[in-house]
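J.: So you can see what is in the structure, the chains are spelled out below.
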Amino acid sequence: MTGTAMTAAPAILPLTVREMSYAVGAARLIDDLTFTLEAGPRTIIIGPNGAGKSLLLRLCHGLLKPSSGTVRWAGGAGIDPARCQAMVFQRPVMLRRSVAANVDFALALRKIAKDRRKRRVAEVLAKTGLEDLARRPARVLSFGEQQKLALARAWALEPQVLWLDEPTASLDPAATRAVETIINAIRASGTKIVMTTHDLGQARRLGDEILFLCKGRLIERAGVADFFDHPQNLLSRAFASGDLLW
Amino acid sequence: MTDFGAAFATAFSLIATLDPGLVEIVTLSLRVSLTAVAIATLISLPLGAAVALFRFPGRGGVVILLNAFMGLPPVVVGLVVYLFLSRVGPLGVLGLLFTPAAMIAAQAILITPIIAALTRQVVEDLWEEYSEQMRSLGAGPRQALWALLWDGRFSLFTAVLAGFGRASAEVGAVMMVGGNIDHVTRVMTTTIALEVSKGDLALALGLGVILITLSVGVTGAAFVLRETARRSYAA
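Sequence order for the protein chains is G and S. This note's numbering puts the first sequence at residues 1 to 246. This note's numbering puts the second sequence at residues 1001 to 1235.
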């Protein structure tokens, strides 16, 4: 697996989001967002609780439908953008089967032949340091190992875009480091990383650009260095310097 | 009291010596109930999972019916099956009344709602946990159905055992559609009912002991299975 397999399919990036809103009742949880995500830079979405970070990922990934506005992928007709993406959630969802079977299940859904699946499972478990656990039931793994498995499962699909929803929120520093290493490896294999985090240090370590959200609105978008060193907005400045916004 | 003691002694000797009459009855009982469970399982697992996963008009009514039918009175099921299979009934030409097949049908009808209702609950809970991840991987309810049945296998086996417990213990339905004919449709429960009315307690007690043992065995198996699942799979 060199990360080039998916490039056989037409590129689905850039992603163009226009005037996207998501409302529940009278509450506009995502409020009129317009932006574009290009292939390449690692995009980190930050913001206080309730800013709409996780919602934004789900809307872009297609798990939720926007109340208004559009989410448009490049790639044109004949390509299913959903098959070129993967997502890792804050709480890893592990099927009640072995580590290897968890990865295999995802590949089987993509209708990949059995012998190819077997090879791909072995490769991706080796890359994520899980090969010795391949036959263990996934749900008895530690939280950190489960998150590594969730990343392995996503990586096996060779997505063009990988959405990560606070993947290290409940992990200790060692596990966080392991997960970050894997994320960088996935990125190096050609996948666009879009991640939410509460950890500003992590945003600096892993990010190339920052989308700063607050109350469902996109407040600022900037390169990592610019955002943290010269935030343009009062809210951004307060957040970047670690102040509590309310 | 001495009669009671003597009956117990005879009962245990019947079991210990594998009395042919007793073995015949136990064998037929297991054949009928296990076949009914197999048929009910084949129908109710996909049915319960489908009700759990798909949204369709009247779904709420189906859920209520399934739950309500968990407590179907066996005599009513017996009566309905009897009417269908009787000579003047719509399936009368099959000539199945008073055969083990009729008993299998009655038991299968009795336990299908039990297994289906329990399956619906198990699968619905699993879907609640899995749905975002499944949809992210590209699996809608249709693709997820078999995966969820597999992932719910431990709980579902318990549901199937519950169905078996109910099938093997009921008497009203099999009595009506089987007719309790010696060497043909006589099963444990109907034999117990008959022998007690005849005053022959020994055979009734012997079969009672076996029924209780089966029941304890089934419950024990369900317990061991759940514990194994919890420890080995965190299921």
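It is worth saying that the hints were derived from the structure and are not from the lab. Take these hints with a grain of salt, some might be off.
Some, not all, of what chain S presents toward chain G, calculated at C-beta under 8 Å [to be verified]:
1. TYR1130
2. GLN1133
3. ARG1230
All C-beta atoms in this analysis are idealised placements derived from N, C-alpha and C, irrespective of residue type, glycine included.
J.: Under the constraints set out in the numbered hints, which ones does this structure not fulfil?
T.: 3
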